[in-house]
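**Q** Chain residues, written in single-letter form:
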Amino acid sequence: MLADCPVVDAGPLLRLEGLTKRYPGVTALDGLTVEVPRGRVGLVGANGAGKTTLFRLLLGLTQPTEGRVEVVGLDVGADPIGVRTRLGYMPEHDCLPLDQTAADVVATFGELSGLPARVARQRASDILDLVGLDEARFRPIGGFSTGMRQRTKLAQALVGDPELVLLDEPTAGLDPLGRDEMLALVERLGTFGISVLMATHLLDDVQQVCDHVLMIDAGRLVVAGATETLLERTGLVTVDVGASAARLAERLVAMDLEATVVDGLVEMTLRDDDELDLLRDVIAELGLPLHRLSTRLTSLDEVFLDRATGGVRS
Amino acid sequence: MRAVSSTSGGAVYDRGYRPYAGPRGARGAATWALYKATVRRALGLRRSWRQKFAPFVLLGIATIPAVINVGIGYVTRDQPVFDRVELITYREYVGVSSTLLLFVGLVAPDVICPDRRQRVLPLLFARPLTGADYVLAKVGAIASILFAFSYLPQVVLFLGNMLVSDSALSYFTGHLDVLWKVPLAVAVLAVFHAVIGVALASLTDRRIVAGAAIIGTFLVTSIAASSIVGGNEGGPGGSGEYAALINIIALPLYLRDVIFLGHVDRFGDLGGVEHGGWLALALYAAIVGSGLGVLLWRYRWVER
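Chains A and B supply the protein sequences, listed in that same order. Going by our numbering, the first sequence opens with residue 314, and the numbers climb by one from there. Going by our numbering, the second sequence opens with residue 1466, and the numbers climb by one from there.
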């Protein structure tokens, strides 16, 4: 029953070729063709964009109408069971048996992932420690907070030592602190050699932890690429001079420069690099404290809105 | 492993993440893991004492006739063989095991309904597990427990009778047929109850509804069959006796009789029906097959 785990070449994380999924009366995915490298990948789209359908296709739980899916080098259509031994999955919705302890649940899912029983219990303990539930692991999940349940869901996805974890809205329902902690955990997964595909509609989450982005809208690919290449410079600089923002903006406008105050910060449109020198000189002349000066990038929200409405693909 | 903080008394370590490079099972291992988890849940293991109460009390109740029978055998051991009282035979004891129907009504919903209600199924089927594997693990777990709870009292009865007999070896050699008839009859009963219980429980995500459906199905068919057979004006062998087949509590017991006697009990409800044993076997196979069909349909996870 037990066999040594075969080594798969470190090819792309995902390879989708003309992937289409139609249900009666609706096309959930429409001809997706993309190759995604390993790492932390954000799957972005509005509700109904096709994220969940794509997850089901990646897990081999549904068959594509057309096209082909390859995950961590394995053809899902040919070997769905093999693919599932290499994946971890954290659904968005509540999915944990509430009357069992976190340790029991995670250990059982470890065994279900193919680990020997003793190894599964040991790994359950380690993983629950990793996600910050060491103290609570012998408590029934029914008494857990939303944040603790999300961590337990992440733990069960990781216990089988997957090559790729599919995270469906991992920060849903979390307070700001819980969200930051969950994103920090997701960010750490990359350092463990585990790739992440994180479905979310919160573009800030993706921008914070993902090094690649896959945007879909109404089942069609909007854009795919490295996060940093999508975040283009806007030509705006943001200047933080404390309480003197209005004074600085007033002087810049007087010098025929485009400057406004937004949320206590001065935003100035640069027409060329000389204007950056000019800005520096004005701040020095006024004797203002320069706390921060940064180039403003487009947000993923702007990229998504621009590409989705423009229909441009990279 | 790296120390992230230290004090004069010790250090706190961030154990980090350790990849697993050892052997890894596939479908068989996942099915076995689900089977074990289901058995644990059904018996209340690693759960509160309240969850352990029902199964083990039922096991105790199922064992009482065996203990009483052995006790009477011990008290009357000095009397001539023909004067000794035998409270219950091995064949009849298989019938007592059908009281475990109550166990099925309690446990089958408990191991099936929460998976759907608490939406655990997507997590399970994200593992190397198919719908058929899930059905095999769940039905197998319930059938195994039913088998154990029906068979263990029979073992108590056999060992007790052997020990209080004049010659243990003679008793053993004289009852060798029991060694295969009892497990076979008990297996027939266990599989039947497990398939029906799990299949009915799979149709709803509410435990109370499932439990009522299981108990109700058994009782309604039993009452209906009794009413029709009892009012049979055709006399023994009349067409009304075919109605005995719709009693699904008794159906596996007809097969038990075939196993022990070689034919259905001539004094039973099905006694006058020609080829009653074959008809019972065919109906048994049809019900078990239909139950498995329902289960495979309910857990056809692909293409949903």
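Among the hints, a few may not be true.
[Said to hold, decoys possible] Covered stretches of chain A, going by a simulated chain B footprint (3 or more residues, C-beta under 8 Å):
#	region
1	404-416
2	578-585
[Unchecked claim] Covered, in the sense of this in silico footprint (three residues per stretch, anywhere, with C-beta under 8 Å from a C-beta of chain A), are these stretches of chain B:
#	region
3	1520-1532
4	1587-1598
5	1630-1638
Because the hints were derived from the structure by calculation, they are not lab data. Ideal Cβ placement from N, Cα and C applies to all residues, glycine included.
**Q** Would you mind marking each hint as holding or not holding in the structure?
**A** Here's how the hints hold up against the structure:
Residues of the region 404-416 of chain A with a Cβ under 8 Å from some Cβ of chain B number 10, which satisfies the need for three, so the listed coverage holds. Chain B is given as covering the region 578-585 of chain A, and this is violated because 0 residues of the stretch bring a CB closer than 8 Å to a CB of that chain, at least three being needed. Note: the region 1520-1532 of chain B has 0 residues with beta-carbon separation from chain A under 8 Å; the three-residue rule is not met and the coverage is violated. Requiring three or more residues with a Cβ within less than 8 Å of a Cβ of chain A, the coverage given for the region 1587-1598 of chain B holds, as 9 such residues are present.
Evaluation of the coverage hint for the region 1630-1638 of chain B: breached, as 0 residues show C-beta separations to chain A shorter than 8 Å, against a requirement of three.
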